[in-house]
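Peer 1: So you can see what is in the structure, the chains are spelled out below.
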Amino acid sequence: MRRLLLVALMVCLFGALMSTLLTRAKLEQGMSRIIEARVVSAARELARSVERAQGMGLELAALDTLPALLARHREAESLVDHIDVFGDDGRVLASSSPARVGGTVSAEARLAASRAGDQPWSALGDGGRVAGVSLRTGYGLTIGHFGLHYSARELATAMASADRRLGVSAALDFGIAAVASLVAVGWLTRRRRGAGRAPARWSMAAACLLPLVLAMAAFGAQSQRAFSEQLVPQAVHKAASLGRGLAGLIERAHDAGFALAALHGVDRAMRELRRHHPELAYVAAVDGDGVVVFGDGAIPVDLDDRGTAGRAVVPLVDQDRRHGALVLGIDPDFVRALIIDMRLDVAVVLLVALVLAAELVRHVGTTARGSPDAGLMRIRAPLFTFILAEELTRPLLPAYVGRLAGGEGGAVEPLVVGLPIALFMLIVALGQPAMGRWSERVGRRRALLAGALIGAVGFAGSALAQGFADLLLWRALCAVGYAVVFAAAQGHVLDQAGPAGRTRGFAVFVGAIMAATVCGPSIGGILADQLGQRPTFAVSAALCLLALVPMGALPVGNGHRGEGAGVRFRDLVGLLANRRFAVLALFAAIPAKVLLVGVLFYLVPLYVAELGHGQAAAGRLIMLYGLLMVVLVPLAARRGEDFPRRLGLVAGGLGLSGAGVLAASAMPDEAGLLALVGLLGLGQALAISAQSALVGEMCRDDIAEHGVDAVYGAYRLLERLGNVAGPLVAAALLSSAGFGGAFAALGAAALVCALVCGWVLGRGQASIPAMRGVA
Amino acid sequence: MNARRRTILAMAAALACPGLAWARRLPSRRLRISAVTYRGRTRVEDGFEAYLAARGMVAEILWHDIARDPGRLPDVVARIRGEAPDLVYTWGTTVSLGVLGPFDGIEPARHVTDVPAVFTLVADPVGARLVPSMATPGRALTGVSHMAPLEAQLRAMASYRAFEAMGVIYSPTEKNARLAVAGVEALGRRQGFAVLTRPFPLDDNGRPDGTQAGRLVDELRRAGAQWLYLPPDSFLTTVAPQLLARATEIGLPSFASTEALVRAGALTGIVSGYEAVGQFTAFKAEQILLQGRAPASIPVETLSRFSLPVNLPVARRLGLPPPLAMFDYAELLDDQGGAR
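In the order they appear, the protein sequences are chains B and S.
Just so we're aligned, residue 0 is where the first sequence starts under numbering that gives the first Met the number 0, counting upward by one.
Just so we're aligned, residue 0 is where the second sequence starts under numbering that gives the first Met the number 0, counting upward by one.
The set of hints was computed from the structure by calculation and includes no laboratory data.
One or more of the hints may lead you astray.
Stated by the list, open to error - Just a few of them, taken from the derived set where beta-carbon distance is under 7 Å, the chain S residues facing chain B:
id, residue
1, Pro-298
2, Arg-304
3, Leu-307
4, Pro-322
5, Leu-323
6, Ala-324
7, Asp-327
Note that the structure is a prediction, hence the values are computed from the model and not measured.
Using N, Cα and C, we set each Cβ at its ideal position, and we do this for glycine too.
Using the sequences provided together with the hints, build the complete structure.
Peer 2: Have a look at this one:
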């Protein structure tokens, strides 16, 4: 009872923390973008006036009006603390704060400025941020960089007030939800106990989750209001800054002798402005009588040029006489567009909370003393936690490797990025049988503890890695830990379930892994986007340490003989001499794994980044794959009851996977990516059980001779070699043919393999009775 | 030879003979540059000297001017030989060809061949046969062109006012002009606008006749031209003031390919700032003199950014203000001839 209440609290806490973190991060991101846009717009204005004043000579310092110009522009934008002009070497040549002349700007600012070309740039400065533009000669030589330093003051003030609002909302909403969960769980437990039954797992999970869902909905609505309150005024400031730029041009035209009404291309300039700043609902120019002369967007009928909430008004002045105004209206709905992708993240959090609640309720329910499966089920929570640690890193690993290997902004060979994934798979493939045997010798519990510790060190090292070489080492440690935990947990399941409960035991084992596959990548992607890649690895390390607690409570566990007979080379060769097994392995099992690891774990995260999305998006896609497996594998397993159907599922599934990968090459956008992951998941889910059953069916003689463990051990080893080959093949294709080419080649190869497999094995089927007759 | 190998070789040379590398960095004697101009000092030379001064290069520049008379070139070449300069500087197509010769017709007796050279303000260095290609001059010279790519010119024209038909007036006797007209026609076929061409008629001596210029403008207007494009064309430039006055009178906007044509009264155009051209030329001179790069490996280039002057009086008379966005980067010229 007390433990169930604890579960309810933990799930609620998880939901509350993740929702608040996501909302706050999104608000901060939106706000800093708007503030940065304001500063960049001011920087552009400054560069224009310098260009006009100076006529593109060589030496900015020769422009004696420069200090006054800098001071005037600093005054005009309240966000800006000071403005520097600096050279390529970062030395400050002129500044609105004379004391800064002769000093240097931050290395980040220098780097960002030197890389930006004609685009505005922004970077971390000393004690705040810097945004700016660069002034170059007509032949590309830098004349100088303008760096506008702005402090985090405005952002901090806004965030502090937002934090108070969000904090109060979150405390209220999730507090009420927690109490409601506790009451519901308590009531359910007591009622069930009164009826003499154990509480049903799903009703318990619902009791935990329903209040959480309601609280998240309420929190979402409240936070949208907080977003509007904080962001709309900021957007108005930004609109005023953009409006001043436009007004400057109109004034220049006015000076040149063209009245406002006679101007050309004004609406086009307004349309351009709205295209770049979608939060602008409309831009209008009104004359001295308040009549709209030019406009773009949904201009309200009762437009007047007085400043009201949600709009910025910039007067058009000629020699102190106001002859009109620009009115820029903010679309109050822009906030909604801003938080749409956050909604997806929140939905993911809910889904993960659901799985988590189910896992925890199961853990509490089945490991209670006296429960029949207690020994078997106790492995589930630590296994889930440990695998979760690895799954967290899936969507961010390729980008992290690229960053470490390439340094700042350098291009990296795709093969280098694929190497750590391949190494991980290789260690797991080759190490697992040995680790199984080792864990048998030292005891499952000790092996599990050792594996989780090694994993924790590996993840902590990955979080702190300084370069490609040491990351490779840390990833190798992670792989060793993974292999040990995987093999020891498998051994534990077999020990506890015994030969009779083998199927049931494997269901527990696979269930924990699948649950982690669903939760890990999505949460990992969110964490990486919001906290950064290194902290996400640190979270993984913490999860490994957390897994130590339930592992310590496991039985010592040795003396039983597990699966770990090991794969002897001789057996493998003998098996491959079985032509039908060889065809199945080479044309179905290995290609399926090459696709899975090469495409889903390697190409997809890189491709998602290429399309301009965050790591959370990559995590959601990998989660979608996991979800499809969870839902479809049991369904597909029921369909494959005889050889032709199984073969159909295997070949058809591989074909579907291939078609999905081909779809991504044909549609180079998000839709193609979705088709890829959907079809890949569907195809793999269809094939996975049928393929395993086919091995048993086609290798009856081999099983009789070598034993079922040796045959399946060899089969799994071949599969895992496919895992190793996957990232290497994908990387080689990526570096020679790009994403489109890599997808096309992998998809086409999978289709060919599916055809070969279906045709050869399907044709061979007719002759089976005859062969048996001969035997 | 790739850049890395070059660096390694340079490093090896520096190690073997440190004194040599040092000497190249800081010349032991003052650098001497022999410069030849066509019509006296221009803002190109201002830019050239300003760049050298800004980079701390001390050079003695010996000036020669041919005062628009190519007949003086042999004498200038002889004087340059006597000066034994470190670099030769030549202004414009006529001077550059006269001093340096075409790449496929160098005569060591007439041309300076043993001194590295930079040319400047040559509209079409390949067409003029100064170099076989812009990317690799292939001989001991490099330089700077001042012409904006034709496509950029037409883009600017269309963004001022969109058009479906444009007219061109040119001298059929001038190669530069013929090349430009062919380029415009090719772009017209590709981008789907009509190009109406009116060559100047030739007189009995085969020279273009400018007396009919006003009639040509009227014809183009009647045929439906919405812009008048003025290619680089020396003869056209001499008759441009009258021709452009007529165009403005009948409401035909004009687009110039050179600064001189803008000064003659075209509505607008894309031109290189002469000062920037001079600076860019000095930048190439610096690569040769201080960094020791072989001129043959330094590409001939044009500016990456050009200025867009707008004659405000013409714009006002035509009732065609530049589009608002153009006020951001246009160089506004008013009655006094100054920029605003």
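Peer 1: Now, for every hint given, state plainly whether the structure supports it.
Peer 2: Consistency of the hints with the structure:
1. The beta carbon of Pro-298(S) is not positioned within 7 Å of any beta carbon in chain B (closest approach about 12 Å), and the interface hint is therefore violated.
2. A cut of 7 Å between beta carbons decides the hint on Arg-304(S): the least distance to chain B is about 4 Å, and the hint holds.
3. Because the smallest distance between the Cβ of Leu-307(S) and any Cβ of chain B comes to about 12 Å, over 7 Å, the interface hint for this residue is violated.
4. Contact between Pro-322(S) and chain B, as hinted, is supported at the beta carbon level, the nearest pair being about 3 Å apart and thus within 7 Å.
5. A least Cβ separation of about 5 Å between Leu-323(S) and chain B falls short of the 7 Å threshold, and the interface hint therefore holds.
6. With its C-beta approaching chain B no nearer than about 5 Å, Ala-324(S) sits inside the 7 Å limit, and its interface hint holds.
7. About 6 Å separates the beta-carbon of Asp-327(S) from the nearest beta-carbon of chain B, less than 7 Å, and the hint is met.
In this structure, the earlier hints numbered 1 and 3 are contradicted, and the remaining ones agree with it.
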